[in-house]
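Undergrad: Take a look at the letters that make up each chain.
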Amino acid sequence: MNCKGVIREISNYLDGELELSVRQELERHLEHCDDCRMTVDQTRLTVEIFCDEEPVELPADVKSRLHDALQRKIKSKTN
Amino acid sequence: MLSAAIMEKKVNVRPPVGPREPLSAPNPHRLPSRVAREDEHLLVAAAKRGDAAAFEELVSRYEGKIFRLTMNITRNREDAEDAMQDAFLKSYSHLKDFQEDSRFYTWLVRIAANEALMRLRKRRPNQFSLDEPIEGEDDLMPLQLEDWGPSPEQRFAQTEMRTILNSVIDTLEPDFRVVFVLRDIEELSTEETARALGISIPAVKSRLLRARLKLRQKLNHYFRQGTTN
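Chains as they are written, first to last, in the working numbering: chain A, 1 to 79; chain B, 1 to 229.
Some clues are possibly wrong.
To be verified - The calculated BS3-like cross-link candidates involving lysine-lysine, where the alpha carbons are at most 27 angstroms apart (straight line), are:
(1) A:75 / A:63
(2) A:63 / A:73
(3) A:77 / B:96
(4) A:75 / B:90
Said to hold, decoys possible - Reference listing, derived: stretches of chain A covered by chain B, where coverage requires no fewer than 3 residues with Cβ under 8 angstroms from a Cβ of chain B:
(5) 1–14
(6) 39–51
(7) 63–77
To be verified - Partial chain B-side listing against chain A, Cβ under 8 angstroms, derived:
(8) 56
(9) 65
(10) 85
(11) 88
(12) 140
(13) 141
(14) 145
(15) 153
(16) 185
(17) 208
(18) 216
(19) 219
Honestly, the hints are just simulated from the structure, not real lab data. Positions of the beta carbon are idealized from the N, C-alpha and C atoms, including for glycine.
Make a model of the complete structure from these sequences and hints.
TA: In structure tokens, the structure reads:
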């Protein structure tokens, strides 16, 4: 596998979706290609950082409007 | 009341943060969802039977995540709020149609993503089309490769980091951003993402690959060693 092949398969590799033989081929390439290893590691870290992002606290005014609208909906459904 | 009993039973499902895996080891990042609490189906069942408090508990539980989702897709606060509100109201109206063949949260994410996409299309009709053919592979190769050093994200305070993530995701083209948000932030599967967006699985994979590579490229500006901004 060459560098282009590694880049094409990065997502599948990080998601654990590569067939064993392809994964082994990719890892053999990573053993001797510093650039591809760096790209794989940095792409993985990129995903991890976004994945770990905490949900935002809903601003008080947005929360209040949401729950008011919900109350109206619930009331209209039960009436 | 059932919903009150469920609400008392809070379960912390966030997995403990362990040491990072050795670099380049096979390490599928996808983890069991952090949001699906074990009592979700009980709340849904109670809400379906007309227990409004149970539905309100579901809303309280997911409002922050759904607002983050609609903000990430629309990048506009007014649209994000409208999309979030309509998503919760529609999910309440159509709760009886929810078949429970997936998690309630996944179903809610699909509704919210569609509401957000509708507003994005309205606001940027010429900039957003998931139907466009996938481009070739010439653009995939990384342009800049520089050492980030160990744990580069820890060089930034939490608020600073959030600003950085917001600014880099903002620059991503909407059709890549939407796929990245659903797959990597909301943790939908490839199939669920394809279904939610009405595109093929290869299209999801192609856009996700490009989104991840583009975000890596943009983070390089902040993370490369010796950078302090």
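Undergrad: Grab the minimum C-beta distance from residue 145 of chain B to chain A and call the hint holds if it beats 8 angstroms, violated otherwise.
TA: Holds: closest Cβ of chain A sits about 5 angstroms from residue 145 of chain B, inside 8 angstroms.
Undergrad: Please check whether residue 141 of chain B passes as an interface residue: C-beta within 8 angstroms of a C-beta belonging to chain A.
TA: Given a least distance of 6 angstroms, the restraint on residue 141 of chain B holds.
Undergrad: Answer holds if the nearest beta-carbon of chain A is closer than 8 angstroms to that of residue 140 of chain B; otherwise answer violated.
TA: holds, 5 angstroms
Undergrad: Taking 8 angstroms as the limit, does the beta-carbon of residue 185 of chain B come near enough to a beta-carbon in chain A?
TA: holds, 6 angstroms
Undergrad: Quick check on residue 216 of chain B please, does its C-beta sit within 8 angstroms of some C-beta on chain A?
TA: This interface hint holds because 5 angstroms falls under the 8 angstroms limit.
Undergrad: Hinted pair, alpha-carbon criterion (27 angstroms max): residue 75 of chain A, residue 90 of chain B. Please report holds or violated.
TA: holds, 15 angstroms
Undergrad: Is the hint on residue 208 of chain B kept, meaning its closest Cβ partner in chain A is under 8 angstroms away?
TA: holds, 5 angstroms
Undergrad: When I compare C-beta atoms, does the region 63–77 of chain A have three or more residues closer than 8 angstroms to chain B?
TA: Our answer is that it holds, as 9 residues pass the Cβ test (under 8 angstroms) against chain B, meeting three.
Undergrad: Has the region 39–51 of chain A got at least three residues whose CB is nearer than 8 angstroms to a CB belonging to chain B?
TA: Contact hint for the region 39–51 of chain A vs chain B: holds, 13 residues under 8 angstroms.
Undergrad: Residue 77 of chain A and residue 96 of chain B: Cα distance at most 27 angstroms?
TA: holds, 13 angstroms
Undergrad: Given residue 65 of chain B as an interface hint, is the shortest Cβ-Cβ distance to chain A below 8 angstroms?
TA: Nearest chain A Cβ about 4 angstroms off; hint holds.
Undergrad: For the pair supplied as a hint, residue 63 of chain A and residue 73 of chain A, is the alpha-carbon distance within the 27 angstroms limit?
TA: Answer holds: residue 63 of chain A to residue 73 of chain A is near 15 angstroms, not above 27 angstroms.
Violated hints: none; the structure is consistent with every hint.
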